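Enquirer: Chain by chain, the residues run as shown.
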Amino acid sequence: MKKHAEPRTYSKPGKFGKYGGQYVPETLMEPLRALEEAYNRFSRDPSFKKELAGWLDDFAGRPTPLYLASNLTRHVGGARIYLKREDLLHSGAHKINNTLGQALLAKKMGKRRIIAETGAGQHGVATAMACAALGLHAEVYMGSEDMDRQKLNVYRMKMLGAKVHPVESGSKTLKDAISEALRDWVTNVQDTYYLLGSVVGPHPYPTMVRDYQSVIGKEARKQILRQEGKLPKAIVACVGGGSNSIGIFHSFLHEVDVDLYGVEAGGESLSPGQNAAPLVAGREGVLHGMMTYVLQDEVGQVQTTRSISAGLDYPGVGPEHAFLMTAGRAKYVTVSNEEALEAFESLSQLEGIMPALESAHAISYAMKLAKSLGTKDSIIVNLSGRGDKDLEIIAKHLPR
Amino acid sequence: MPNTSHDDDRIEAKFGELRGLREGALIAYLTGGDPDPKTFLANSTALIEGGADIVEIGIPFSDPIADGPVIQASSMRALSNGTTPLRILDMIRELSTEFPVPFVVLSYYNPILAMGLGRFLQKARESGVDGIVVPDLPVEESEEFRNLSLKHNVDTIYLAAPNTSRTRLRTVLDKSKGFLYLVSLYGVTGPRDSLSPQALEAVRAVKSLARGKIPVSVGFGISQPEHVSAVIQSGADGAIVGSALVRIVGNHLDDPSDAETQLKKTVQSLKEATRLSSN
Numbered sequence: 466m467k468k469h470a471e472p473r474t475y476s477k478p479g480k481f482g483k484y485g486g487q488y489v490p491e492t493l494m495e496p497l498r499a500l501e502e503a504y505n506r507f508s509r510d511p512s513f514k515k516e517l518a519g520w521l522d523d524f525a526g527r528p529t530p531l532y533l534a535s536n537l538t539r540h541v542g543g544a545r546i547y548l549k550r551e552d553l554l555h556s557g558a559h560k561i562n563n564t565l566g567q568a569l570l571a572k573k574m575g576k577r578r579i580i581a582e583t584g585a586g587q588h589g590v591a592t593a594m595a596c597a598a599l600g601l602h603a604e605v606y607m608g609s610e611d612m613d614r615q616k617l618n619v620y621r622m623k624m625l626g627a628k629v630h631p632v633e634s635g636s637k638t639l640k641d642a643i644s645e646a647l648r649d650w651v652t653n654v655q656d657t658y659y660l661l662g663s664v665v666g667p668h669p670y671p672t673m674v675r676d677y678q679s680v681i682g683k684e685a686r687k688q689i690l691r692q693e694g695k696l697p698k699a700i701v702a703c704v705g706g707g708s709n710s711i712g713i714f715h716s717f718l719h720e721v722d723v724d725l726y727g728v729e730a731g732g733e734s735l736s737p738g739q740n741a742a743p744l745v746a747g748r749e750g751v752l753h754g755m756m757t758y759v760l761q762d763e764v765g766q767v768q769t770t771r772s773i774s775a776g777l778d779y780p781g782v783g784p785e786h787a788f789l790m791t792a793g794r795a796k797y798v799t800v801s802n803e804e805a806l807e808a809f810e811s812l813s814q815l816e817g818i819m820p821a822l823e824s825a826h827a828i829s830y831a832m833k834l835a836k837s838l839g840t841k842d843s844i845i846v847n848l849s850g851r852g853d854k855d856l857e858i859i860a861k862h863l864p865r
Numbered sequence: 050m051p052n053t054s055h056d057d058d059r060i061e062a063k064f065g066e067l068r069g070l071r072e073g074a075l076i077a078y079l080t081g082g083d084p085d086p087k088t089f090l091a092n093s094t095a096l097i098e099g100g101a102d103i104v105e106i107g108i109p110f111s112d113p114i115a116d117g118p119v120i121q122a123s124s125m126r127a128l129s130n131g132t133t134p135l136r137i138l139d140m141i142r143e144l145s146t147e148f149p150v151p152f153v154v155l156s157y158y159n160p161i162l163a164m165g166l167g168r169f170l171q172k173a174r175e176s177g178v179d180g181i182v183v184p185d186l187p188v189e190e191s192e193e194f195r196n197l198s199l200k201h202n203v204d205t206i207y208l209a210a211p212n213t214s215r216t217r218l219r220t221v222l223d224k225s226k227g228f229l230y231l232v233s234l235y236g237v238t239g240p241r242d243s244l245s246p247q248a249l250e251a252v253r254a255v256k257s258l259a260r261g262k263i264p265v266s267v268g269f270g271i272s273q274p275e276h277v278s279a280v281i282q283s284g285a286d287g288a289i290v291g292s293a294l295v296r297i298v299g300n301h302l303d304d305p306s307d308a309e310t311q312l313k314k315t316v317q318s319l320k321e322a323t324r325l326s327s328n
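Chains as they are written, first to last, in our numbering: chain A, 466 to 865; chain B, 50 to 328.
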């Protein structure tokens with residue numbers, strides 16, 4: 466892998482090289498400015514930081530362990546594989562790190578109405594939990610197709626007190642849910658906070674969500690140094706919008722000897738419409754307020770995506786990933802549906818851990834990578850979520 | 050160099066001409082290629098025959114975040130029959146050869162990027178496009194785009210919203226050419242029964258900052274003659290009507306010739322409302 470020193474060309478706030486920015490309707494410029502200002506103020510406020518740390522520890526269950534998967538390591542034969550156990554968090558995934566941060570920020574900003582988008586429902590559930598705990602009102606946009614596929618999460622959100630709005634426009638999936646949430650925000654800017662679930666969208670979201678997720682990498686860095694006495698050879702994480710990956714990458718960006726791998730959903734194949742891998746199979750474009758890599762046709766229409774894991778099903782990707790890829794700091798690869806299912810089965814049976822299908826993509830690539838490395842090396846896989854939500858789909862493919 | 054057979058600054062000239070007549074401009078919008086190329090051309094002709102002063106054509110996009118259900122549906126209709134930006138520019142060329150009204154194109158940024166900024170703007174100019182609106186490209190992100198637009202003589206029409214600060218408004222007014230597109234409300238495009246409470250106040254605030262240097266046209270939620278006359282009487286130089294016309298197209302998919310009649314009649318009554326002397 467081509468290695469650069471830590472990319473310092475983050476030219477100005479909200480830009481990652483040429484990527485990122487604020488490609489939004491004029492009506493959102495003022496609320497984005499207000500959000501950036503509030504975020505900057507509270508991210509430096511010791512009492513806000515303390516309050517958030519309390520919620521993360523006592524409500525969400527941080528810190529999460531860094532677990533040496535010794536059976537998997539032995540099975541693969543190569544580098545020691547460590548799992549950062551975000552799957553053990555309340556809500557079952559890393560999403561709660563971000564929703565607690567933003568919901569607390571919204572509360573400080575005096576906004577009581579929170580809107581969010583969700584694909585598989587994980588961010589919707591994490592939003593509903595944070596809002597219930599903090600006494601805020603949550604409304605979640607979800608594609609009607611996704612609602613059919615993820616009935617249990619729809620019920621969870623409702624039970625947690627959130628209102629779920631079915632989205633019938635476009636492809637009726639995550640990208641349309643984001644569009645619809647943006648339309649709601651344009652309409653209700655004065656009293657509404659848009660709680661975006663990944664490192665996507667206009668500035669300041671990619672930066673803010675990354676900062677809230679960077680707790681993963683901060684913990685992992687300390688833990689690996691304590692457990693191994695040295696830094697790992699590589700970090701591996703799955704990339705949909707890219708929040709769990711950027712969250713674990715960030716504490717290692719300066720460490721040029723640590724290779725960073727982002728794993729995109731290879732789906733059935735890399736043909737158009739058969740995957741969700743914008744960095745590998747897409748090209749530069751503007752979607753949902755950001756300049757980034759986008760799966761699109763030759764005239765710039767955004768393509769539909771397809772992956773076995775709904776959480777990776779997005780045709781765009783966080784602009785910081787586009788930057789890390791083009792700067793040569795991180796490498797992006799794909800894992801197919803079939804490979805992800807095999808990895809799910811391996812981790813379940815060898816370690817007694819059922820990963821989310823999203824995280825199974827990272828496990829799959831990490832197994833290949835570990836085999837190519839020496840037994841003195843170690844790698845960390847971000848196990849971003851647990852697999853309970855996916856069992857219905859998995860049972861169809863892997864009957865018992 | 051851009052096509053010189055086409056006069057420059059036709060938008061500005063049109064506003065000047067209408068000022069002399071004590072009229073506001075009626076800017077009528079349709080989505081390009083909706084529901085099919087032939088019907089779209091006939092409908093556009095109906096707008097012009099009905100008296101539209103400027104015709105605004107939308108390039109459909111898969112993810113139109115600033116648009117409400119009416120224009121979303123029209124975009125899907127147009128895309129599903131294979132409409133592309135180049136085909137729309139070709140259709141505008143047909144129209145602009147036949148009719149002398151100024152043409153404005155509205156496009157989200159990605160289809161423009163996909164074609165290449167320079168190539169898109171050059172093609173647009175050659176097809177008779179006078180101005181361009183990009184709803185997801187605020188001034189901060191558009192330096193290169195604006196420079197190329199100036200080079201190709203396509204007016205950059207920026208948007209202002211009810212919550213645009215005075216400082217930003219000065220920049221937006223300064224960077225806009227042709228006219229400033231004032232969004233009348235908090236929300237997406239779509240017909241509304243009544244004018245938003247912020248609309249007239251926003252018109253007066255923007256007009257006082259514009260100081261006559263650039264025309265101000267009001268859009269979003271302007272669907273009836275009363276809305277048009279209210280914004281023109283408050284000092285706006287133009288009124289933009291989109292969803293109310295696109296809805297007529299969507300409601301007459303089975304009888305396109307009826308759509309033409311309806312569009313022409315609707316545009317006539319909207320145009321009538323721009324005449325200050327008769328109000």
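Keep in mind that the hints were calculated from the coordinates and are not lab data. Check before you lean on any hint, since a few could be wrong.
Unchecked claim - Simulated crosslink set (DSBU-like; lysine-lysine; CA at most 30 Å straight-line): (1) A:K483 with B:K256; (2) B:K314 with B:K262; (3) B:K314 with A:K483; (4) B:K224 with A:K477; (5) A:K683 with A:K515; (6) B:K200 with A:K480; (7) A:K623 with A:K480; (8) A:K480 with B:K262; (9) A:K623 with A:K637; (10) B:K87 with A:K483; (11) A:K477 with B:K200.
Remember, predicted model here, so these are calculated numbers, not experimental data.
Enquirer: Determine for every hint whether it applies to the structure shown.
Expert: Comparing the hints with the structure gives:
no.	hint	verdict
1	A:K483 with B:K256	violated, 35 Å
2	B:K314 with B:K262	violated, 33 Å
3	B:K314 with A:K483	violated, 48 Å
4	B:K224 with A:K477	holds, 22 Å
5	A:K683 with A:K515	holds, 16 Å
6	B:K200 with A:K480	holds, 27 Å
7	A:K623 with A:K480	violated, 37 Å
8	A:K480 with B:K262	violated, 33 Å
9	A:K623 with A:K637	holds, 20 Å
10	B:K87 with A:K483	violated, 41 Å
11	A:K477 with B:K200	holds, 28 Å
Hints 1, 2, 3, 7, 8 and 10 from the list above are not met by this structure, while the remaining hints are.
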